[in-house]
Amino acid sequence: MKKVLIVDDQPNIRWMIHLALRKIFVLEEAGSADAAYVCIKHGRPDALVLDVLMPGSMNGFQLCERLKRDPEFAGIHIVLLTACGQVADQELGRAVGANAYFLKPFSPMALAQHLAKVLLIRPEQGAL
Amino acid sequence: MNTQESQEMSATNERLSTAALAAVWESTPCGIAAIGSDGNVRAINPAFETCTGLASATVLGIGEADFDALLGTLQLERRRVETSAGGLRAVHYLRSAERRRTDNKALAGLSAALREPLASIYGFAELLLTQDYDEETRHSLATTVLEQAEAMSNVINDRLDTRQIEYAAAAQALTGSPQRAPVDHK
Numbered sequence: 001m002k003k004v005l006i007v008d009d010q011p012n013i014r015w016m017i018h019l020a021l022r023k024i025f026v027l028e029e030a031g032s033a034d035a036a037y038v039c040i041k042h043g044r045p046d047a048l049v050l051d052v053l054m055p056g057s058m059n060g061f062q063l064c065e066r067l068k069r070d071p072e073f074a075g076i077h078i079v080l081l082t083a084c085g086q087v088a089d090q091e092l093g094r095a096v097g098a099n100a101y102f103l104k105p106f107s108p109m110a111l112a113q114h115l116a117k118v119l120l121i122r123p124e125q126g127a128l
Numbered sequence: 001m002n003t004q005e006s007q008e009m010s011a012t013n014e015r016l017s018t019a020a021l022a023a024v025w026e027s028t029p030c031g032i033a034a035i036g037s038d039g040n041v042r043a044i045n046p047a048f049e050t051c052t053g054l055a056s057a058t059v060l061g062i063g064e065a066d067f068d069a070l071l072g073t074l075q076l077e078r079r080r081v082e083t084s085a086g087g088l089r090a091v092h093y094l095r096s097a098e099r100r101r102t103d104n105k106a107l108a109g110l111s112a113a114l115r116e117p118l119a120s121i122y123g124f125a126e127l128l129l130t131q132d133y134d135e136e137t138r139h140s141l142a143t144t145v146l147e148q149a150e151a152m153s154n155v156i157n158d159r160l161d162t163r164q165i166e167y168a169a170a171a172q173a174l175t176g177s178p179q180r181a182p183v184d185h186k
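If you're matching them up, the sequences are chains W and U in order. What the first sequence shows, in this note's numbering, is residues 1 to 128, in sequence order. What the second sequence shows, in this note's numbering, is residues 1 to 186, in sequence order.
Keep in mind that the hints were calculated from the coordinates and are not lab data. In this text the structure is predicted, and so the values were computed from the model without any measurement. Any given hint could turn out to be false.
Every beta carbon over 10 Å from chain W, so not counted as near; a handful from chain U, in silico [claimed, not checked]:
1. A19
2. A43
3. A69
Cross-link-like lysine to any residue pairs, in silico, SDA-like; alpha carbons within 25 Å at most [what the hints assert, rightly or not]:
4. W:K23 x U:E126
5. W:K117 x U:Q131
6. U:K105 x W:Q10
7. W:K23 x U:I121
8. W:K3 x W:Q113
9. W:K3 x U:T130
10. W:K117 x U:D132
11. U:K105 x W:F102
12. W:K23 x U:A142
13. W:K117 x U:A125
14. W:K23 x U:L128
Where chain W lies over chain U, by a calculated footprint (3+ residues, C-beta under 8 Å) [claimed, not checked]:
15. 105-116
16. 120-130
Ideal Cβ positions, reconstructed from N, Cα and C, are used throughout, including at glycine.
Please take these sequences and the hints and turn them into a complete structure.
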């Protein structure tokens with residue numbers, strides 16, 4: 001099974017995504033970008049569901065940019081998940097190489113369908 | 001209530017109203033300039049000087065046409081409201097570009113603060129409606145929806161209603177009549 005890492009500092013959001021994805025993916029969770037980076041170094045996931053605003057030395061944009069610049073991790077499909085609704089935030093998401101951008105509130109089932117389509121049906125990943 | 005009591009209450013209300021308007025005039029972040037019935041600038045509030053960088057000596061007493069020309073060179077959001085109250089012809093309200101940026105940032109923060117609990121409400125409600133869970137899980141999901149609705153309510157009470165009150169106070173000071181903040185009925 002494909003592996004998805006859920007990164008959000010809100011346990012409720014992690015649980016919600018977990019419930020939506022648990023039947024089709026192997027799941028890991030992290031509460032910060034820093035913790036996520038450690039997880040990724042230990043075992044590369046196929047996709048990342050990544051919140052933007054989180055405490056720690058990196059936010060979601062910074063982790064995304066860091067991974068996309070690293071040849072080892074650039075192929076990870078990254079879905080940014082954020083409460084930042086301004087156009088500038090979405091442009092920044094595109095600039096750091098995110099593959100998709102889900103604005104909160106979002107449909108967890110739509111997220112599951114997106115990941116299923118990208119990882120299970122059409123593994124070639126399109127850009128944002 | 002006899003006539004004397006009624007007059008005293010009326011006078012008290014007028015003093016309170018005047019004091020409240022004076023407080024708003026002094027403290028509102030909105031720059032205000034009052035144009036007298038003679039067409040000249042009669043008064044400006046402290047925020048006007050902050051918004052424009054213009055000293056009161058430069059502005060007070062000049063005609064409205066010169067006032068327009070003076071402000072035309074500045075990067076300001078401006079609105080003119082005609083009035084006949086208090087011997088005035090019009091009131092100009094100004095907001096600096098910096099103030100606008102600050103307001104936009106505050107609104108973006110408010111939007112994010114509302115989106116977080118709304119994401120849980122939306123997401124868990126969708127899961128409850130579309131997926132099969134045991135009774136214990138369903139109860140946990142419903143409890144989370146309720147908790148997040150309360151969190152969202154707190155954000156509205158703490159942050160949004162405060163803005164409504166500030167808006168109403170500023171609007172009343174500017175127009176002389178009580179106003180409600182505009183509500184977007186989508």
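Taking the hints in turn, this is what the structure says about them:
1. The beta carbon of U:A19 sits about 40 Å from the closest Cβ of chain W, which is more than 10 Å, so the claim that it is off the interface holds.
2. The non-interface label for U:A43 is consistent with chain W: the shortest C-beta to C-beta separation is roughly 38 Å, beyond 10 Å.
3. With a minimum CB-CB distance of about 35 Å to chain W, U:A69 clears the 10 Å threshold, and the non-interface call stands.
4. With a C-alpha separation of about 16 Å, the suggested pairing of W:K23 with U:E126 holds against the 25 Å cut-off.
5. For the hint linking W:K117 to U:Q131, the alpha-carbon distance of about 20 Å falls within 25 Å, and the restraint holds.
6. Of the supplied pair hints, the one linking U:K105 and W:Q10 holds, its CA atoms being roughly 23 Å apart against a limit of 25 Å.
7. For the hint pairing W:K23 with U:I121, the CA-to-CA distance comes to about 22 Å; that is within 25 Å, so the pair holds.
8. For the given pair, W:K3 sits about 15 Å from W:Q113 by alpha-carbon distance, which is consistent with the 25 Å threshold.
9. For the hint linking W:K3 to U:T130, the alpha-carbon distance of about 24 Å falls within 25 Å, and the restraint holds.
10. Of the supplied pair hints, the one linking W:K117 and U:D132 holds, its CA atoms being roughly 23 Å apart against a limit of 25 Å.
11. Restraint check for U:K105 and W:F102: the C-alpha separation of about 21 Å stays at or below 25 Å, so the hint holds.
12. Between W:K23 and U:A142, the direct Cα distance comes to roughly 21 Å. Compliance with the 25 Å bound is thereby established for this hinted pair.
13. Under the criterion of a C-alpha separation no larger than 25 Å, the hint pairing W:K117 with U:A125 is consistent with the structure, at around 23 Å.
14. Distance restraint check for W:K23 and U:L128: the Cα-Cα separation of roughly 16 Å lies within the 25 Å cut-off, and the hinted pair is therefore satisfied.
15. For the stretch 105-116 of chain U, the stated coverage by chain W is satisfied: 6 residues place a CB nearer than 8 Å to a CB of that chain, which reaches the threshold of 3.
16. Taking a C-beta to C-beta cut-off of 8 Å, the stretch 120-130 of chain U contributes 8 residues in contact with chain W, enough for the three needed, and the coverage statement holds.
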